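Visitor: In case you want the letters, here they are:
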Amino acid sequence: MSPTALPLLQQWVVVLAALLLFLSFVILAQTRLISAIHAFAWQGALIAGVTAVVAAAAHSPHLYFSAVLTLGLKALLIPWMLHRLTRRLELENQAETLRYPALVGMAAVALIIFSYWLVLPIVQAELNFTRNIVAISLAVVLIGLLMMVVRHQAVAQVLGFMSMENGLFLAAVSATAGMPLVVELGVAFDVLVAMILFGVFFFQIRASIDSLDVDQLNRLTEMTDASDGAEGEVG
Amino acid sequence: MTTLNWTFAIIQAMIYIVCAPLLVGWVRKLRAYLQNRRGAPLLQPYRDLRKWFIKETRVAHTASPIFTIAPVIVFMTTWLAASTIPLLTLNTPTTALADLIVLVGLLALGRFFLALAGMDIGTAFGGMGASREMLIAALAEPAMLIAVFTLAMSAHSTNLTQIIDYQLGSGFVLRPSYLFALSALGLVAMAEAGRIPVDNPTTHLELTMVHEAMLLEYSGRHLALMEWAAHIKLMLYGVLIANIFFPWGITTTLEQWSTLPIAILAVVLKLMLLALIMVIAETVLAKMRLFRVPGFLNLALLLALLGLLSHVMLEVGV
Chain A
451 MSPTALPLLQ
461 QWVVVLAALL
471 LFLSFVILAQ
481 TRLISAIHAF
491 AWQGALIAGV
501 TAVVAAAAHS
511 PHLYFSAVLT
521 LGLKALLIPW
531 MLHRLTRRLE
541 LENQAETLRY
551 PALVGMAAVA
561 LIIFSYWLVL
571 PIVQAELNFT
581 RNIVAISLAV
591 VLIGLLMMVV
601 RHQAVAQVLG
611 FMSMENGLFL
621 AAVSATAGMP
631 LVVELGVAFD
641 VLVAMILFGV
651 FFFQIRASID
661 SLDVDQLNRL
671 TEMTDASDGA
681 EGEVG
Chain B
10 MTTLNWTFAI
20 IQAMIYIVCA
30 PLLVGWVRKL
40 RAYLQNRRGA
50 PLLQPYRDLR
60 KWFIKETRVA
70 HTASPIFTIA
80 PVIVFMTTWL
90 AASTIPLLTL
100 NTPTTALADL
110 IVLVGLLALG
120 RFFLALAGMD
130 IGTAFGGMGA
140 SREMLIAALA
150 EPAMLIAVFT
160 LAMSAHSTNL
170 TQIIDYQLGS
180 GFVLRPSYLF
190 ALSALGLVAM
200 AEAGRIPVDN
210 PTTHLELTMV
220 HEAMLLEYSG
230 RHLALMEWAA
240 HIKLMLYGVL
250 IANIFFPWGI
260 TTTLEQWSTL
270 PIAILAVVLK
280 LMLLALIMVI
290 AETVLAKMRL
300 FRVPGFLNLA
310 LLLALLGLLS
320 HVMLEVGV
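If you read the sequences in order, they're chains A and B.
For what it's worth, the working numbering labels the leading residue of the first sequence as 451, then goes sequentially.
For what it's worth, the working numbering labels the leading residue of the second sequence as 10, then goes sequentially.
It should be emphasised that the hints constitute simulated quantities derived from the structure, not laboratory data.
Any given hint might turn out to be false.
Taking beta-carbon pairs under 7 Å as the criterion, some of the chain A residues facing chain B (in silico) [stated by the list, open to error]:
hint	residue
1	HIS488
2	TRP492
3	PRO630
4	GLN666
One-sided and incomplete, this derived list gives chain B residues near chain A with beta-carbon spacing under 8 Å [what the hints assert, rightly or not]:
hint	residue
5	MET23
6	VAL182
7	ILE289
8	LEU318
9	LEU323
Here the structure is a predicted model, which is why all the values come from computation and not from measurement.
Every residue gets a Cβ at the ideal spot worked out from N, C-alpha and C, and that includes glycine.
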């Protein structure tokens, strides 16, 4: 779909979706937790922006409500909660470096191409405009998944999970002009409850292994099996 | 008509030579204002150039002919590269030459001789500067090429004039690929023109300098040519970004002379604004460690790649 053929509002949707994809990369590559949380907040704000623009384009007023809800929840409340958690867990200054940042970036680019290839057959279904955005949102979901795989830090993994949710929301908004309000409210509260549960889990994990590096959970099981060799490693 | 066109092409190329120091003077003035200084007068770069041309030119006795010929080559390639970029009008006889890949190639040729000149005397600083310049160039060039290919894919041509023509013809359209290509080219321009997050053009501190380290042994008219080439390079990137992404105001044909003043005004305004943005970025950012420069240029590469992908995914009609 050439952008010259689209009305201006839909051009905005496309641009915002592309920026959202870029922010996924930022969250993926950011070594500092606080900066990653800020990038996540911006992603939430962009989702809200997309929702508002779709609402204006499709003349569906209930989407405005959904945009405000998204803005409040994903751009303000959840980032604030994560921010507070990181401060209480004293993780602000901790930088987690990816072992192969270039490789992870290339994997993310490969995921984008893969999701584009997956969505290509939908061309036949005459969804020519939304197909593009569906490819983007699928890529956002997959990059969130990649982030949960490559990061060792529990808080960073939660960020990956949340940005996966952002991708799903983008797909819902752009492909079907929004879900019914009841479903949307349900999902919003699900995310909120998940966030609270994650907060409890963080403290549980830290209390049991003294760190939020999830990789150490593997080592703990090895330690119970093997007798004394692993003990020096943990300390 | 052709003679008129040729004269105009030559005039346009001369404008680059004449006005580049003025742009640098404007950038320095703005920067001084943002740092609460009064700063040197706007015409100071011209005075510096005149001073260097008058002064005696000394050449180290270990220098090979490359050392003396490099300033001329660097100046000429930069100028030739600049003259391919449409400044005021699109239809000049040089448009056939105005190819983006030629542009990148010409800049690379100039950089090659700059690095050779840096290593020629055999001082430690020159070699260090040359190796750093090559590191930056090797990382910046792929990003620039991919950004350029993104533009070329939209316009179906690598010719600059046709790209600008296409952009003018389609009116105001929001393209994510252009947005990404613009940011990538902006980052590359900062790195290639030796501006602050990558290199500081005003310092002569051993540990940080890149471009200055290669010019350390030059004096007199050689130094003047090298500095002038650096000025032209800054203006080249400015005009490139201004006229590709915001081409409005440029004259498409020379038949109507009345559009020429508008074109001049437009390009001056665009360059002044771009300089302002660049200076604000330079004032806010700190110079980074050399080992963080690859990360900076990787970001540019990623942006360019995303531009290419978003063009394929979002903008190509199937």
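Visitor: Quick check on the hint: PRO630 (chain A) CB to chain B CB, less than 7 Å?
Guide: Hint violated; PRO630 (chain A) Cβ to chain B Cβ min 28 Å, cut 7 Å.
Visitor: So, as I understand it, the hint says VAL182 (chain B) touches chain A; can you test that by seeing if any CB pair is closer than 8 Å?
Guide: holds, 5 Å
Visitor: Can we keep the HIS488 (chain A) interface hint, with Cβ of chain B closer than 7 Å?
Guide: With Cβ-Cβ at 16 Å, over 7 Å, it is violated.
Visitor: Please verify that hint: GLN666 (chain A), Cβ, nearest Cβ of chain B, below 7 Å or not.
Guide: Violated, because the Cβ-Cβ distance from GLN666 (chain A) to chain B comes to roughly 28 Å (cut-off 7 Å).
Visitor: Taking the closest Cβ pair, is LEU318 (chain B) under 8 Å from chain A?
Guide: holds, 6 Å
Visitor: Report holds or violated for the interface hint on LEU323 (chain B), using the least CB-CB distance to chain A and a cut-off of 8 Å.
Guide: holds, 5 Å
Visitor: Going by Cβ atoms only, is ILE289 (chain B) closer than 8 Å to chain A?
Guide: It is violated, given that the least Cβ distance between ILE289 (chain B) and chain A is near 20 Å, above 8 Å.
Visitor: May I ask you to test the interface hint for TRP492 (chain A) with respect to chain B, counting a Cβ-Cβ separation under 7 Å as satisfied?
Guide: violated, 15 Å
Visitor: Answer holds if the nearest beta-carbon of chain A is closer than 8 Å to that of MET23 (chain B); otherwise answer violated.
Guide: Violated. Min distance 37 Å.
Consistency with the previously given hints fails for numbers 1, 2, 3, 4, 5, 7, ordered from lowest to highest.
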